[in-house]
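Novice: Fit chain B to the known structure of chain A by using the hints.
Read off the chains here:
2 protein chains.
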Amino acid sequence: METPEPSEAPEDAEAAPSAEQPAPAGIAAQDWAAASADPQYRAAVTDLLGALAYGELSAFERLADDAKLAPTLADKAALARMASAEFHHFEQITERLTMIDADPAEAMAPFAAPLDEFHRMTAPSDWLEGLVKAYVGDAIAADFYREVAVRLDADTRSLVLRVLDDTGHASFAVDKVRAAIEAEPRVGGRLALWARRLMGEALAQAQRVVADRDALSTMLVGGVADGFDLAEIGKMFSRITEAHTRRMAALGLAA
Amino acid sequence: METPEPSEAPEDAEAAPSAEQPAPAGIAAQDWAAASADPQYRAAVTDLLGALAYGELSAFERLADDAKLAPTLADKAALARMASAEFHHFEQITERLTMIDADPAEAMAPFAAPLDEFHRMTAPSDWLEGLVKAYVGDAIAADFYREVAVRLDADTRSLVLRVLDDTGHASFAVDKVRAAIEAEPRVGGRLALWARRLMGEALAQAQRVVADRDALSTMLVGGVADGFDLAEIGKMFSRITEAHTRRMAALGLAA
Chain A
1 METPEPSEAP EDAEAAPSAE QPAPAGIAAQ DWAAASADPQ YRAAVTDLLG ALAYGELSAF
61 ERLADDAKLA PTLADKAALA RMASAEFHHF EQITERLTMI DADPAEAMAP FAAPLDEFHR
121 MTAPSDWLEG LVKAYVGDAI AADFYREVAV RLDADTRSLV LRVLDDTGHA SFAVDKVRAA
181 IEAEPRVGGR LALWARRLMG EALAQAQRVV ADRDALSTML VGGVADGFDL AEIGKMFSRI
241 TEAHTRRMAA LGLAA
Chain B
1 METPEPSEAP EDAEAAPSAE QPAPAGIAAQ DWAAASADPQ YRAAVTDLLG ALAYGELSAF
61 ERLADDAKLA PTLADKAALA RMASAEFHHF EQITERLTMI DADPAEAMAP FAAPLDEFHR
121 MTAPSDWLEG LVKAYVGDAI AADFYREVAV RLDADTRSLV LRVLDDTGHA SFAVDKVRAA
181 IEAEPRVGGR LALWARRLMG EALAQAQRVV ADRDALSTML VGGVADGFDL AEIGKMFSRI
241 TEAHTRRMAA LGLAA
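Heads up: the protein sequence lines correspond to chains A and B, in order.
Per full-length UniProt numbering, numbering through the first sequence is continuous, rising by one, with the last residue being 255.
Per full-length UniProt numbering, numbering through the second sequence is continuous, rising by one, with the last residue being 255.
Careful, some of the hints might be misleading.
Just so you know, same-sequence chains aren't split out, so a pair can sit in one copy or run between any two.
Subject to a maximum C-alpha distance of 20 Å in a straight line, what follows is the list of computed EDC-like cross-link-like pairs (lysine to aspartate or glutamate) [claimed, not checked]:
#1 Lys-68 x Glu-106
#2 Lys-235 x Glu-201
#3 Lys-235 x Asp-214
Simulated from the structure, these hints should not be mistaken for laboratory data.
Isolated chain A (complex conformation):
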């Protein structure tokens, strides 16, 4: 998974935490050994790592699939390299799940259906759509995990930030898409529609996950004690949507 450009979301969240949010300092200042004493926190982290692991595995499959659409052997190799990088992230996360006594397959299972459905609804019809999807999907996922990272214990946070580290793949996608739009401006309109559809499907699946996974959702809004506030989830989604809009503009696409 990649971080195409620094997301502004976590800074926002740190600079101006909304009044409803408990200060994240509590758990964020702890390590896993201390934080995991709370069974609800443990369940939330298992969910989070399960979702992240399945996301990486699923990104691996998607990129490997897109490699088939590559116009040149060099492009095919570049996509295969990205796929392989996602797989190594997947391995780091599943090792971590095993280390905290969670079964990786069980932890991933609840997220398989929403992610598979997202990919089914957004199968790219050509190479450029595949690139835009990889770029947009990775960026949204990175924004989301950065939002969450500030609420995690130090050990889990360091893993999450490590697997989101920019591997230079985003710039590959951006260069190719920009060049294609310059060569044929009409392509921009089609890809802008495509990016909008990706965002819509991503939000639909994310809302489904939020509705299903209580422990995870409660953690997302910064509290495990008082249940969660749908308005706060809505704010997080809109921060992520705004970051997406800025990224699309940078790419030369109206979002």
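Specialist: Below, chain B without anything else, positioned relative to chain A:
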């Protein structure tokens, strides 16, 4: 690429080189710097590494595809791990091509059509067919490259043998296939037919490559000076076919 069990072919070839073959000691005793002075040898090695690189890239894609058919998340992860290992082999070979001043994409290009055609003709229809294909395909490729390795300069030989190193993947396939046949013996008949078809298609494509690539084919039969002998190529193919038959028997399949 994997070496499911030690192939006997190279030992045969070393123990009883046929009378027509010049002793391989000449080039095999040299390093790349010395051997590459012969432009025909250089062309043959470029071809060989190009074929091997495309084979690895194509194995990456095939395994990533098969991961979709996996019955469990653990199986899916195991296939993704194999795919990623093939990709790392691919990277080693393309780095080597670059080091010897060959363009990897150009070196691979002549082998893309035969390999793509092979995969098109042998798309597995289920998980077990995919496993048998990965096992059979890797084993045949490993046999072939071991046959060739004895004729290579020391530097190229060490790379070729390194990327054929057993990564433990074959035993994964063998275990799963054996268990499936034990659970339902009829499956064995279907998979035996499938393995026969794989071998037939592999030989058809290999013969196409032999007919097209003079420098490579000449090297395969151990001589770059006198042109090549189709009978010798035939012998190599039959050694590889025999090894395949033994492997299928070990798997519980009549070949």
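Novice: Compare the structure with each hint and give your call.
Specialist: Status of each hint after checking the structure:
{"no.": "1", "hint": "Lys-68 x Glu-106", "result": "between (31 Å within a copy, 18 Å between copies)"}
{"no.": "2", "hint": "Lys-235 x Glu-201", "result": "within (18 Å within a copy, 57 Å between copies)"}
{"no.": "3", "hint": "Lys-235 x Asp-214", "result": "within (18 Å within a copy, 66 Å between copies)"}
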